[in-house]
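Trainee: Build the full structure now, drawing on both the sequences and the hints.
Residue numbers (this note's numbering), protein chains in the order written: chain A, 604 to 1000; chain B, -1 to 281; chain C, 96 to 178; chain D, 19 to 198.
Check before you lean on any hint, since a few could be wrong.
Cross-link-like lysine-lysine pairs, in silico, DSS-like; alpha carbons within 25 Å at most [said to hold, decoys possible]:
no. : chain 1 : residue 1 : chain 2 : residue 2
1   : B       : K86       : A       : K609
2   : B       : K244      : B       : K223
3   : D       : K78       : A       : K795
4   : B       : K244      : B       : K178
5   : C       : K140      : B       : K178
6   : A       : K912      : A       : K960
7   : B       : K220      : B       : K244
8   : C       : K175      : B       : K62
9   : B       : K86       : B       : K190
10  : B       : K220      : B       : K62
11  : A       : K810      : B       : K62
12  : D       : K78       : A       : K901
13  : D       : K172      : A       : K795
14  : A       : K927      : A       : K866
15  : D       : K78       : D       : K100
16  : B       : K223      : B       : K211
17  : B       : K211      : B       : K242
18  : B       : K86       : B       : K62
19  : A       : K912      : D       : K78
20  : A       : K609      : A       : K795
21  : C       : K173      : B       : K178
22  : B       : K211      : B       : K244
23  : B       : K242      : B       : K223
24  : A       : K813      : A       : K866
25  : A       : K795      : A       : K813
26  : A       : K937      : A       : K912
27  : B       : K178      : B       : K223
28  : A       : K813      : B       : K62
29  : D       : K121      : D       : K100
30  : B       : K86       : B       : K255
31  : B       : K178      : B       : K220
32  : A       : K795      : A       : K810
33  : B       : K190      : A       : K810
Treat the hints as calculated values from the structure; they're not laboratory data.
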Amino acid sequence: MKADPKGVLTGAHFLDGDHACCEGALSAGCRFVAGYPITPSTEVVERIAARFPSVGGMFIQMEDEIASSIAIQGAVWGGAKAMTVTSGPGLSLMMEHVGLAAMLETPCVFVDVQRSGPSTGLPTMPAQGDMMQARWGSHGDYEIIALCPNSPQECYDLTIAAFNLAEEYRVPVMLMMDECVGHMTEKVIIPKAEDIEVTPRRYTTQKPGKYLPYQAGRSEIPLMVKAGDGYLFHVTGLTHDERGYPAMNAEAHDRCVRRLVEKIRNNARRIIRLEETDTADAEVVVVSYGITSRVAGKAIQMARADGLKVGHLRLITAWPFPEKRLRTLASHVKAFVLPELNFGQMFLELQRVIEGKSSCYPVPHAGGTVHEPEAIYQRILYAARHSRLKDKKEVAR
Amino acid sequence: MSRVNPVNQYLRMDRMPHIWCSGCGLGTTVNCFIRAIENCGYPREQISIVSGIGCTGRVAGYLKLDSFHTTHGRPIPFATGLKLANPKLKVVVISGDGDLFAIGGNHFIHAARRNMDLTVVCVNNFTYGMTGGQLTPTTPIDAISSTSPYGNFEEPFNLPFLAESAGAVYVARWTTYHVKQAARSIREAIQKNGLSFVEIISPCPTLYGRRNKLGDGLAMMKAFKENSAIVNGADTREVGLDFKGKIVCGKFIDREKPSFLDMYHTTMAERFGPFYEPYEGVQ
Amino acid sequence: MSDGKKSRGPRGVVTINAELCKGCGFCIEFCPSGVLAFSDTFNDKGYHTPQAVRPEACTGCDLCGAYCPDFAIFGMLKEKVVA
Amino acid sequence: MSATEIKFAGLGGQGVILAGIIIGRAASIYENKYATLTQSFGPEARGSACSAQVILSDEKILYPYVTRPEILMALSQEAFNKFLPETRDNAIVIIEEELVRPKGLKSGMKVFGIPATRLAEELGRKMILNIVMVGFFTAVTRLIDYEAVKEAVKASVPHGTEHMNLRAYERGYEYGQALL
Chain A
604 MKADPKGVLT GAHFLDGDHA CCEGALSAGC RFVAGYPITP STEVVERIAA RFPSVGGMFI
664 QMEDEIASSI AIQGAVWGGA KAMTVTSGPG LSLMMEHVGL AAMLETPCVF VDVQRSGPST
724 GLPTMPAQGD MMQARWGSHG DYEIIALCPN SPQECYDLTI AAFNLAEEYR VPVMLMMDEC
784 VGHMTEKVII PKAEDIEVTP RRYTTQKPGK YLPYQAGRSE IPLMVKAGDG YLFHVTGLTH
844 DERGYPAMNA EAHDRCVRRL VEKIRNNARR IIRLEETDTA DAEVVVVSYG ITSRVAGKAI
904 QMARADGLKV GHLRLITAWP FPEKRLRTLA SHVKAFVLPE LNFGQMFLEL QRVIEGKSSC
964 YPVPHAGGTV HEPEAIYQRI LYAARHSRLK DKKEVAR
Chain B
-1 MSRVNPVNQY LRMDRMPHIW CSGCGLGTTV NCFIRAIENC GYPREQISIV SGIGCTGRVA
59 GYLKLDSFHT THGRPIPFAT GLKLANPKLK VVVISGDGDL FAIGGNHFIH AARRNMDLTV
119 VCVNNFTYGM TGGQLTPTTP IDAISSTSPY GNFEEPFNLP FLAESAGAVY VARWTTYHVK
179 QAARSIREAI QKNGLSFVEI ISPCPTLYGR RNKLGDGLAM MKAFKENSAI VNGADTREVG
239 LDFKGKIVCG KFIDREKPSF LDMYHTTMAE RFGPFYEPYE GVQ
Chain C
96 MSDGKKSRGP RGVVTINAEL CKGCGFCIEF CPSGVLAFSD TFNDKGYHTP QAVRPEACTG
156 CDLCGAYCPD FAIFGMLKEK VVA
Chain D
19 MSATEIKFAG LGGQGVILAG IIIGRAASIY ENKYATLTQS FGPEARGSAC SAQVILSDEK
79 ILYPYVTRPE ILMALSQEAF NKFLPETRDN AIVIIEEELV RPKGLKSGMK VFGIPATRLA
139 EELGRKMILN IVMVGFFTAV TRLIDYEAVK EAVKASVPHG TEHMNLRAYE RGYEYGQALL
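Mentor: Shown next as structure tokens:
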């Protein structure tokens, strides 16, 4: 389906990432946003508050993030495409409802403009400290999708992608921005509406009475209904059967949760987006995401100028994590370097996946600013040197 | 059974019997609600029901309407999103005193403040039933609960006063003894524009009643009959509840104020003039 | 009501679904015509359920139905039942 | 042009961020170069000093922050004092000459001064001093085409104020041309 031209601000703009995210939501067909102000995400909702009424959308500033994160789910079940916008501490408050969205299979988008934590931390400065919170923050087992833009253009593009993925898989999608991309201003090209692909909500065509809200079929993803269409359906955050009725036993729970997990895991290959440069013959591959990918890009340029074979794998999708691709790379790559604005969240994931087949080096950073490119460059040098030593040892053996 | 109870068409009979205890007032409240929507003038397809968590939270799951069983304390913000996405819907929140006024208290006062177009029915049984009878914000002074074993010493909320102060346009209280009046009030509340609030005092014989030696459900219902006084238009400051004291019932507030959506239309129509397309939801 | 002929038979019919009943006694207590009383027998869950001991007094007012927390009883005007 | 790092600094209310946005917009939208603007947010941005940093480049910009500005535009003494030390030895330093006394300049620096506030007052609105500065910047740096910046000014100022702002832009530009 093509985008509704009413919300599409076609043209070349000089926008910051927060504003670009708002435009992405409008292009994607989002017409309901509930939010609560929190730095550095506030500019997103400010622009939404200004833009939405003129395009038939509704913005409401709720009393807190908890309310925002469930108001959007009410709106989705009322027929809207909806999102909420927050930063780290707010995302913490929303976590119960990330779980609810996973359980109800409410297609919705959570935008997190990451700032430094823990607690109030550094509200006006960047970090990437919410990556594990986004993945595991709610209780129980479930899967989400998380996208990591590294520019205002991508804040626009990936907001649309987030809505499309949410609809496709009926899953909460996290847009993991950070203060740097949120507040950075660059050129943002907004295409014509007819050139924007938008995934429509997939509603059932079955008649009321026959329709079962959680009958998934082979696709693993059930079709939706909305309130008011005569289906008289029930949904619950409790473990439920295909009718949407509570089913309080271990077998039903296994069936319910297994599908929530597998619908993402089994489709990981289709969901995952990566950007790879020079990985084919690389000895060292830098794995990065979000704003850090740009800083890493500069460090890689420096290392290549020294003649090192350095590849770059950028996670556009952080979750699901590209396990298969990394395992394949590990067969010829001697070392991975993973810089991030935290003390090693995605690095743990990398280590888990590589299983010791290659060396893995973190470049941790508490946030507050981005890395010095020099720090990543030095780590690449170290990794290259260290892995050569390891090779010699292997030869000696 | 050849003759079928007319309320069955509004119930998910495939889920009966329900989980509520013998003598619990929740089923009676559901009966009142069904009688209210039968006569409210809206087709049932346009009525959505949202509940939180707890014994009362299960109401949504038994009603054959579009029904949502959400998270603890959050049915009001869910209902807010549902209503705003599709303003044609009549959205009714039914939840308990703990859900709506402890964990969800902030949402209630803000929904009332902004006069969100919702009906909120609070089934007040003075306790958390599903988790074993703990203290709630409405447990009267001196009442025993599992977390106030020496008697409650915290001042409880006077819900009608709270609702009026926060801005609700319709405020009524009944007990489950007052089935006819309760049904009428819920109907009026649904027909009201803005935030309407109905408190239903209900027996929880298993936990609240037993701990406080109030007898079984029937004894509690008889006590409601004997101890209640109907004072329509009563000053809500005067209707706070004591342990075993008088229960003032009635319709206390019925006033007109522009709702959230009314104010939204007015503001945007003024701001955008002829370019404003009145917001009718997101379809 | 003022028609003397109609008052000879019951105007209403009370219907009881004993299997849904949890024996709270609300219907018996609040029936304005004293139609109901507990039966001696138990239902499957072990509750004494109501029975119509004075069916001729039933007015079909359905107050029993309104009070019943278990949707196990209702009253109805006789002509409606026939219809 | 390879990457050029520019710092726009001054007091809150002087419109330095908008000045940076206009230059960035001119380069990226009207000249098809790459431009990245970042600002310093936080408590200090609400007090006296505020700044915008712009990187202009023919290639995609990776690292987004300015570390060693080649051009410093300072509209207040405090901003000048704060940012001069990090500015490159051969930098172009553009100042509001009635508000900034350029002390501690390095020998390779070229300084261009303009009484932008006074010129803005003469044009009728003191507020438009930032646009006067943008015109002056365009003239003395010759980084971006005159017309491109003019378009960016039009696109960046509130509707209805374009005419006045374009006069401010031209006044600053002429003042700069005269100095060269």
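Trainee: State for each hint whether it applies.
Mentor: Taking the hints in turn, this is what the structure says about them:
| no. | hint | verdict |
| --- | --- | --- |
| 1 | B/K86 / A/K609 | holds, 23 Å |
| 2 | B/K244 / B/K223 | holds, 10 Å |
| 3 | D/K78 / A/K795 | holds, 24 Å |
| 4 | B/K244 / B/K178 | holds, 20 Å |
| 5 | C/K140 / B/K178 | violated, 30 Å |
| 6 | A/K912 / A/K960 | holds, 19 Å |
| 7 | B/K220 / B/K244 | holds, 13 Å |
| 8 | C/K175 / B/K62 | holds, 24 Å |
| 9 | B/K86 / B/K190 | holds, 14 Å |
| 10 | B/K220 / B/K62 | violated, 31 Å |
| 11 | A/K810 / B/K62 | holds, 16 Å |
| 12 | D/K78 / A/K901 | holds, 11 Å |
| 13 | D/K172 / A/K795 | holds, 23 Å |
| 14 | A/K927 / A/K866 | holds, 17 Å |
| 15 | D/K78 / D/K100 | violated, 29 Å |
| 16 | B/K223 / B/K211 | holds, 17 Å |
| 17 | B/K211 / B/K242 | holds, 11 Å |
| 18 | B/K86 / B/K62 | holds, 19 Å |
| 19 | A/K912 / D/K78 | holds, 21 Å |
| 20 | A/K609 / A/K795 | holds, 11 Å |
| 21 | C/K173 / B/K178 | holds, 21 Å |
| 22 | B/K211 / B/K244 | holds, 18 Å |
| 23 | B/K242 / B/K223 | holds, 12 Å |
| 24 | A/K813 / A/K866 | holds, 23 Å |
| 25 | A/K795 / A/K813 | violated, 40 Å |
| 26 | A/K937 / A/K912 | holds, 11 Å |
| 27 | B/K178 / B/K223 | holds, 13 Å |
| 28 | A/K813 / B/K62 | holds, 14 Å |
| 29 | D/K121 / D/K100 | holds, 12 Å |
| 30 | B/K86 / B/K255 | holds, 19 Å |
| 31 | B/K178 / B/K220 | holds, 16 Å |
| 32 | A/K795 / A/K810 | violated, 37 Å |
| 33 | B/K190 / A/K810 | violated, 32 Å |
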